[in-house]
Amino acid sequence: MTIPAVRICDLVFAWPGGPSVLEIDRFEMAAGEAVFLAGASGSGKSTLLGLIAGITPCREGEICVLGTRMDPDRPARRDALRAAQLGIVFQLFNLVPYLSPLENVLLPLRFSAERAARLKQDGTDPHTEARRLLDALGLDAGSLTRRVTALSVGQQQRVAAARALIGRPGLVIADEPTSALDQDARDAFLSLLTTECRKSGAALLFVSHDRTLAERFDRQIELADINRARQAA
Amino acid sequence: MSASLLTLAWKSLANRGVSVALTILSIVLAVMLFLGVEKIRTGVRASFDSTISDTDLIVGARGGAINLLLYSVFRLGDPTANIGWDTYQLIASAPDVDWTVPISLGDSHRGYRVVGTTQAYFEHYRYGRSQPLALAEGRAFDTTHEVVLGAEVARQLDYGLGGFIRLSHGIGDISFAEHAGHDFEIVGILAPTGTPVDRSVHVSLESIEAIHVGWESGAPPSGGAVHETSDPDTLEPDSITAILVGVSSPIRVLGLQRQINTYQGEALSAIMPGVALSQLWQVIGAGETAFKAISLLVVVVGMTGILTALSAGLNERRREMAVLRATGARPRDIFALLILEAASLAAAGAVIGILLAQIGFAIIARGVATRYGLDLAGGPGVTEILVLGAVTLSGALLGAWPAWRAQRNALADGLSIRL
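Chains A and B are the protein sequences, given in the same order.
So that you can map any letter, position 209 of the first sequence is 209 in the working numbering, and since no number is skipped, the others follow by simple counting.
Convert by adding 1000 to the 1-based position in the second sequence; the result is the number in the working numbering.
FYI, nobody ran anything at the bench for these hints, they're computed from the structure.
Mixed in with the good hints, there may be bad ones.
Unchecked claim - Heads up, incomplete: computed chain B residues facing chain A, CB under 10 angstroms, no partners named:
#1 Leu1005
#2 Arg1319
#3 Asp1413
All figures in this text were calculated on a predicted structure; none of them were measured in a lab.
Yeah, the Cβ is synthetic: ideal placement off N, Cα and C, and Gly gets one too.
Could you build the full structure based on these sequences and the hints that come with them?
Okay, structure coming up:
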């Protein structure tokens, strides 16, 4: 039996002083599985991602990522686990403005020795792998050293995807990564992202309100279906 | 890890060109000011200490040591009383005395004090590290009505060799009683020393006597008659103001000092210049401390620019911090990043400030040395290293406040996008 990429048990979460936003009894993603999570805005999607990423501590219930618990009382451990096993792509402004695209891709390796070690295991080095990923994601070599602000949004998202994937993390979380892209760019980005995740064996948790994208994934889930919390208006 | 955070910090700073450059500039200016003040301060101190050297004792009429030092060496203040010529001769011929330089004060030329002395002055007066006086032009005075000018006197009054000047009675800036009928020829101009010698007008003791013939009452001779000077040999002074004494052996100094201080024939004070100099410095050193404090405050003010530079960008950088967190940065990495930025700003300002100050000193050192006798030359030393360390460290400490805020923001923001 393989270790699930994400396992959530009896999660209850409320922001301080508010009603509970999330109540999830059970949610699991298999290793390497690509899951489409749909939900309206304000449905608690981003909160859930923050909990899975270990940025927000989960006080009630349990979240495990690749078999390791996101321990609410060990923030440093959560940070280390995130650095080693998670790649995150946001909707917009994914890149550190003062680093080149290439340096942005290499960024996770600065924070996780484990990730850098995996590159070595695979018989490659950071720069080669970064260039390979960027190339696979369709970025021409000329864009690699330009200022990130000079890149189009589509190019920026590809750099972010390459950064999420470098060093083969077990889980990639994408939070509405295509909603700032036009139709063509969105389709291209989506197929590149799913393909590269599959190749590297990373599970992909793709969150969007755009249900037309859902069919490209192994499984589609409505957040409302697994979340028992009554949503506030 | 920290090395890569440092490169992150540098790239982040490089990305914010102008505001970072301005912050560095303010630190650069503050550091330069501080180093300049420090250099001048130590230079002044060194020059003060080197006003007179190799003179073992200064003898004057009984009075305070500082007062005696002031009028005999610094040409400041008023002599209390004179020393009889007999007493001078007694001291000059004392067994332990190697040499003496008599000094007679009381006249001036356009605010510069006239020093009546002998050839021994040029031979035995030493300043700095036992440097003797040197003539830039001409020669020492030979006879009466010849004058040797200090470097500043010649420069300020634009005097040259062969010119004639008159002396005034009294030592005020404005004198009403001129020694009329006595024109002094400029026969020599001394090289700059950076000591009060530069501001002195030197004539022979006989000249002093000659111009005062008929002035015994303290006023110009009645009827404006000018007494023609007679044979210089007959112009032996009755009294002088002070004596510089060189002792044959250092171990005799204290004994001779006691002898002079307890001399029954006349009430005298003998002081050791080094001791009196440090007593005097204690008096004027308070101003020096204030000087230093002010320049330190300027550095503090200059460094608060770091706070502004880092705090101003914090809100715009929340997004960047969220990205860093998402890629695995711990909150303490965010904290360290900001601290490193602050320390780098401070260090850059300090290094550039030190370099520019050094270049500045090198450029003006020659001019200042000849004009003011201050030694500004010399490469970076302990002071510069301390400044670099202190500025960098306090920069890092100042960065703690914005760094703490950035860390707190990053924790509160999590992954959510806030713009």
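>> Could you work out which of the previously given hints the structure breaks and list their numbers from low to high?
In response: No numbers; nothing is violated.
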